[in-house]
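J.: Make the full structure from the sequences, and use the hints.
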Amino acid sequence: MPTDEQYEELQRLIAALTERVYRLEQMAGTQHGRAAFQRHVKPAAKTESDTQAELESKIGAHWLNRIGIIAMLIGVSYFLKYAFDNQWIGPAGRVLIGLLGGMAVVFWSEQVRRSGYAIFSYSLKAIGIGVLYLSLWACSQLYNLIPNPLAFLSMAAITAVTVGLALWQDAEIIAVFATLGAFITPIALSTGVNNAIGLFAYLVILDLGTLILIRYRPWPGVLIGSYVGTLILYSSWHSSFYTIDQFWTALVAVSALFATFALAPFVSGPALRPGAIPTLALLNAATYFFEVWELFEHQAESSQAAIAAVGLGCLYFLIACLLRNRVIPVTADVHWAIGTAFFIAAVPIGMHAPWITIGWFAEGAALVRVGERREAGYMKQLGGIALFLGTLRLLGVDHFDVRELLLNERMLAFAVAIAATAAVAHRLADAGREGDRIVVAILVVMINVFALAALTEEITDAWRRQLQTAGPGADRTSAIIRDFAYSALWMTYGAGLMLIGFWKKSPFLRWQALILMGATICKVFLYDTSSLDRGYRILSFIALGLILLATSFLYQRSSRAPRSRGSTAGIS
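Using our numbering, read the sequence shown as starting at 231 and increasing by one per residue.
Calculated from the structure, these hints are not laboratory results. Where a beta carbon is used, it is the ideal one built from N, C-alpha and C, also for glycine. Be careful, since some hints might not be right.
To be verified - The calculated label-pair distances, taken between Cβ atoms and stated as ranges, are:
#1 Gly-662 to His-528: 50 to 60 Å
#2 Gly-662 to Trp-478: 48 to 58 Å
#3 Thr-759 to Arg-667: 37 to 47 Å
#4 Ala-387 to Arg-503: 23 to 33 Å
T.: Written out as structure tokens, the structure reads:
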């Protein structure tokens, strides 16, 4: 009788053999169900030796074949070149040999496939198809035996036949060969003459054909390859032939190509690899906007690029709404995120300081609000990015031309920053999530930083104005007044923050007040003592002492209150 160990080993062997048979059938283009068997036999756990064997098999069966394709093509091309250089074969004979040889290899590959060597047959097909393309290219470009239109139609026919083979054998790799050949054709038959309309019409037809193909076959390699090929051909045309008078041709063409790939989420089947459509959506949006922005930059119309960004944002929001109930949620989420990113990008392109900063803060607060309502974490993250960009610009980039104190663009920008940050902090605090506590704390600190920075800048501007109107020798007096005003502002703000901390019973606010008071103490003792005149020095120390004594009293009163309530409760 077999033991349990022998029985389990037999199960593992059967499962492994079934898996290998399925893979071979799939490579050969046949589809047999394996689900029924898998319901009865659990897949064997992979061991280290199994992993090494799979790696060895992949290298031997796949990569060596691909390298072999390249080596064969190079070897054949070297041989033909040698034969041609020695005039062994005339031009027509050379082309005929290539065409017949390519077709022979393709037919031979079918015999190999029927013998059970699917991967090797695909390699042979790649060689044969490549030889056919090379032969037609030589026939048209090297020897001028046939006109370009006829060569183009012949290459298109080869591409169509290759696609038919891919569908018949359900082989993505053959479809990739067809895609590669289709995009090489315009390059191979290029005459160096600008034919933009013909090129773009050809690309649109190819890309629409790709969409039809992925509707019935889940082949992400074909979809991404088609997009990359389209991008390469458009970029090559743009770098070689684009001039300003072709603005509308380029804009319409790139928009048509963008729209074609934007339809991919609606036509792709459910079996397509989940990451393919989001990846394509991100690439398509980024490259299209870059091309549009570059076109408008050539026209010196950056404001039009901002309008385009807003329009694209609205378009992607619409696509996200349409996709919400059709495909996996991540695809709709990616389109929401892309639309939001376009709105964020539109702000610096179409606005000028301080409206860029104001726009980012307003946008960040709005995105966080919408993200909270929709429970969309990615929208809150994008809102956080907008707030971060606004903060960097407000504190490190913006230089305001202030002509009035308080009622000026800088105070408006800081007021919007404080309001937006406070709104976000309030909404996150109301949600009460444990993970948001650190974010809320950072936002509260930033509110105080914005307020202090705004008021400190106003004091600096007042000092500069005084210098402009004062007579000679007034520099020191104005600097003394400025330094005293800094100390007075920081002490007053710290005292106010401390009062709010006691009122709201918030240790966090009180700690911020203590830190600000500590900085003020250092300034008064280390700087004001030596730089201020006697009168301002006296006022500075007395004011600081009063504020510190009042703060100490508040702390003592707060610490005694619980004991008083406790003793009263005990008496009663």
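J.: Of all the hints numbered above, which does this structure not satisfy? Sort the numbers upward.
T.: Checked against the structure, no hint fails, so every one of them is satisfied.
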